[in-house]
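Just need the whole structure built from these sequences, with the hints factored in.
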Amino acid sequence: MGKTFRSMWMPFLMPEELPGPDCPPIRVRLLGEDLVAFRDTNGKIGLLDRYCPHRRVDLFFGRNEECGLRCVYHGWKFDVSGQIVDMPAEPENTRMKADTRIKSYPVIEWGGVIWAYMGDPAHMPERPPELEWGLVPPDFRFITKRLQRTNYAQGVEGGIDSSHVGILHSHLDAEHPERPFRQRQVSPNLAIPYLASDTAPKFFVRPTDYGMAIGARRNASDTSYYWRVTQFLAPFYTMIAPIKEGRAYMGHAWTPIDDENCWVFTMTWNSDRPLSQEELDHGAVHSDVMNDGTYRPLVTAETDYGIDRLRQRLHSSTGIEGIGMQDTAVQESMGPIVDRSRENLGSGDAAIVGFRKALLKLATQWEAGGVLDVAHHPEWYRVRSTAAILEHGIDFQAGTSAATTVS
Amino acid sequence: MGKTFRSMWMPFLMPEELPGPDCPPIRVRLLGEDLVAFRDTNGKIGLLDRYCPHRRVDLFFGRNEECGLRCVYHGWKFDVSGQIVDMPAEPENTRMKADTRIKSYPVIEWGGVIWAYMGDPAHMPERPPELEWGLVPPDFRFITKRLQRTNYAQGVEGGIDSSHVGILHSHLDAEHPERPFRQRQVSPNLAIPYLASDTAPKFFVRPTDYGMAIGARRNASDTSYYWRVTQFLAPFYTMIAPIKEGRAYMGHAWTPIDDENCWVFTMTWNSDRPLSQEELDHGAVHSDVMNDGTYRPLVTAETDYGIDRLRQRLHSSTGIEGIGMQDTAVQESMGPIVDRSRENLGSGDAAIVGFRKALLKLATQWEAGGVLDVAHHPEWYRVRSTAAILEHGIDFQAGTSAATTVS
Amino acid sequence: MGKTFRSMWMPFLMPEELPGPDCPPIRVRLLGEDLVAFRDTNGKIGLLDRYCPHRRVDLFFGRNEECGLRCVYHGWKFDVSGQIVDMPAEPENTRMKADTRIKSYPVIEWGGVIWAYMGDPAHMPERPPELEWGLVPPDFRFITKRLQRTNYAQGVEGGIDSSHVGILHSHLDAEHPERPFRQRQVSPNLAIPYLASDTAPKFFVRPTDYGMAIGARRNASDTSYYWRVTQFLAPFYTMIAPIKEGRAYMGHAWTPIDDENCWVFTMTWNSDRPLSQEELDHGAVHSDVMNDGTYRPLVTAETDYGIDRLRQRLHSSTGIEGIGMQDTAVQESMGPIVDRSRENLGSGDAAIVGFRKALLKLATQWEAGGVLDVAHHPEWYRVRSTAAILEHGIDFQAGTSAATTVS
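Protein chains in written order, with our numbering: chain B, 1340 to 1746; chain E, 1340 to 1746; chain R, 1340 to 1746.
Everything labelled a hint here was simulated from the structure, so no lab data went into it. Treat the hints loosely; a few may be bogus.
Which copy? The list can't say, so a pair holds if one copy fits it or any two copies do.
What the hints assert, rightly or not - Below, simulated SDA-like cross-link-like pairs (lysine to any residue); rule was C-alpha separation at most 20 Å, straight line: (1) Lys1383 x Pro1460; (2) Lys1442 x Glu1682; (3) Lys1583 x Val1692; (4) Lys1442 x Arg1679.
These figures come from a predicted structure and were not determined experimentally.
Here it is, written out as structure tokens:
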């Protein structure tokens, strides 16, 4: 899959990580490669091999100065394109300066995050996918980043798995402690009674040009269904419908750090207006992370995600605080790469199956020609998630096409 | 050996670890398997695979409720027998509920500890071995548990190795600091002068139906010997004689967590009366452990077991406090699995050799028929340890048969 | 290379680590072997296998007493030669006492450090190499020790690589912050303007009987060169010229702990007078280490060597404090064993190339006869480093032969 990901621009840094010209370089690990990123004197961003090609010294310790990053051992200096621009311990006329290069990758800033392209220069897409959160003005969106210690695919599978929402994230009715658990479970949002009353929705999975649309159907009335439409967008984006009508959209990007870790970018946005304070607060729920550049969550596996067994008994399904941490807890608890040969998938896992097929389709397309169609059609990403009550007999894609299209 | 151990009930938890109905589930590792234990609404104990068969989420985070443990991700719920009793995200009539199972093992509570049986259901012994500490009333016994970071066999070998007692556990005569070490060494208990005066006892090893009886013979008078009789009881129980006549008995169980760790259960008990405060205090010496559910000793290899070199010079052989920690220190210092090919065993190691032969005998018996005789004869375990002065010519087993038999 | 190193005496301990007779034994790891060192009642030093040959208990926990180290488990006792002198749990007349041995290595104290010989006893050199710091009176020298978490060769390569000095260790001219970095760099010592003004010296490498002499040539005037002469002495010693005329000499020994760690001994000495306070202070710069017997530097990779990005911008090339830590940071940042297949060596790396050739020559000589000439010619080590201005046309070895010879 690594080669597939390399065919596309990938979000990997927050702008705050490289706050200004000549700021300190930072360590980056992406698709299993150890790299160093820096912002040069002109504000351009470089993404280079972590190790100097001379004697393999870590360029994290390098000096960021005058449009280049200089290794402190013997002073070799590289610009953002990977060109060597100074070799002080070698004679002025050395051919080594032109002949030696450091590995470097193109970087752009767009849509509130920083993106890298690690693929074949000949096939570099002109721009990143036109996800709606990237298109709107800065105050319409709020983006957080956190480290998850699993393969990216476990994250994507959680993002498209709407059957867990009414269970993992449920609260408990405090007024009837004597009732059985199932009767006390309350959906995360009282505005959607269908989520808790029908915990076993029927899933309809449709391959699309951008990836896959998933319709989760629940009974609404004798003649209508409540549909939630969730998208998977290649290679690792997900979108979920607002939990209340008119509320902000939410989506994720699950960028692979390596086989056992990923960055979770969580986007909250409105199409047509700045985010409200309530919407900002809700988005911030997904980012209780260390303030030391690691983006490691404050609570982790080492402390059992702060599970509070009394809260689990009385107030919530998990006893773990925060929707983001509830997701992380179960996804990380499977191990960094879950043993899928030991799963038992049911009808509630139709989206999971669809996602795996979509990945295989991407890999097959890449194998055939070294290019992904989706990488060169950023406009295919102009979709959004929604929820709707539709009469029986109406197709969920047809019935929501206006709501799910970004103009 | 794992298969051999599976043929028998094994102690693995203290009742305090599952204190009441619907208490929090706990992680268990046993014979290298990762499991979760819980006590249900009716007080029954379940021991299940750690990971949900649906999507492999860790059931430690599960909710213990209404006679079952529920996975918090999609709500699959299991009873103590491993049966799936609820699948909220699947249709009511799904066949998956009956067709899917989680691995589970039978558990019983008896004799002050909780036991598991991990073997073939067809050959499950009716009850655990009838060790005397299990037969007496609760106030006649005191049981502690601690983690040891070695293979269980290193522990058993320490438990039956009575030749180390007068050396590892010796104090130093404080009144004659000018004398050589060997002349200053004082046995752990002044009541048994033979232990320090004769540090090289002669060992007699006798295979028995339950395992092995070891007689350690020291000179007592011109016509008599001082005998200490120690037992190894398959597959990992040991017993040592009281260090003072009329004092409580002591024994150990060394339950394998995995190849490199074991639980050390230390039992102190009387046959015919409640333990005195002095006996309780002596038993407690073996359990200076963390109070966080890990049963990890307070002092560990990371701090060199708190060795005090001045105490080692002036007051004790090791400078390490506590008989239990002295044993742990030397046994762990060999590494988690000692390289037995590099040992040099002497005549003082006859019991070690006998133990290894007894293990091979067990393994051979299991290989031949998949059943161990000893597993189905719990009454064979009705033995106890003793010490006695016997005239020359009297066989140690014959001369102590009354004292070593539990009626 | 391990076998080559075994042909020679190697410094491995500071005398302070075994401060007096019967002091506590200490753990030693050398050439990948786990050992224990102790100083006996007569002041003699023993270096034994870490593990008792009886049951493999760690002899670090042993009792150091009456001319021997006693295992605390069953009391086996060893003298400094590895002879077993007591077996209390065995019969008096056992043949095991004579037949069993523990691995032991000869140790001597000389020149302010403690040396071990781990090679064939038949070819043991009479004495360690006669390095000048070992020959002078104690108050003429100052020796420190610190742990470096790399292969020893990375250290040696740093020690002989004089082209990094004017870059890695440079300060910045504080009076002209507007100037480009290269014009603000100031050599570590203003007394040698040549170092900063000519950062690309030409290197001349000459094999010698003791290893290799390296001449680094910089322009001094129209008719003269400034030469710095640095030595590599087999198998892991380096010497660097004083940075100011009349100042103390400096040298290093890089003793391999194992493939991924080494001890860095740093020697500061005068040939003909006690060290001044200034010289002592300068030498101490190389030893900001923990005071707990580990000799681990106070700042490590875990805290990025305390890099201060503001200092890096304004005051020094690295933002890391101390020449020793600057060297350690870059050398450790390459990883414990740098991937030399991915280096790009330039003309400034001639000494590195020469060192690798010298190592191969040593290994080849050892392979041919199991003996190293250099091991049996301690007098070959009577050299020292120097710096000199020589007229064009004068050979650097000829021109500095008096200054580099220890009489």
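Each hint, compared with the structure:
1. In this assembly of identical chains, Lys1383 and Pro1460 lie within 20 Å of each other by CA distance solely inside one copy; the values are 18 Å within and 64 Å between copies.
2. In the homo-oligomer, the alpha carbons of Lys1442 and Glu1682 lie at most 20 Å apart only across protomers (13 Å), although the nearest pairing inside one protomer, at 40 Å, exceeds that limit.
3. For the identical chains of this complex, Lys1583 and Val1692 are neighbours neither inside a copy (28 Å) nor across copies (69 Å), given an alpha-carbon limit of 20 Å.
4. In this assembly of identical chains, the alpha carbons of Lys1442 and Arg1679 lie at most 20 Å apart only when taken from different copies (17 Å versus 35 Å within one copy).
In terms of the numbered hints stated before, the structure departs from hint 3 and from no other.
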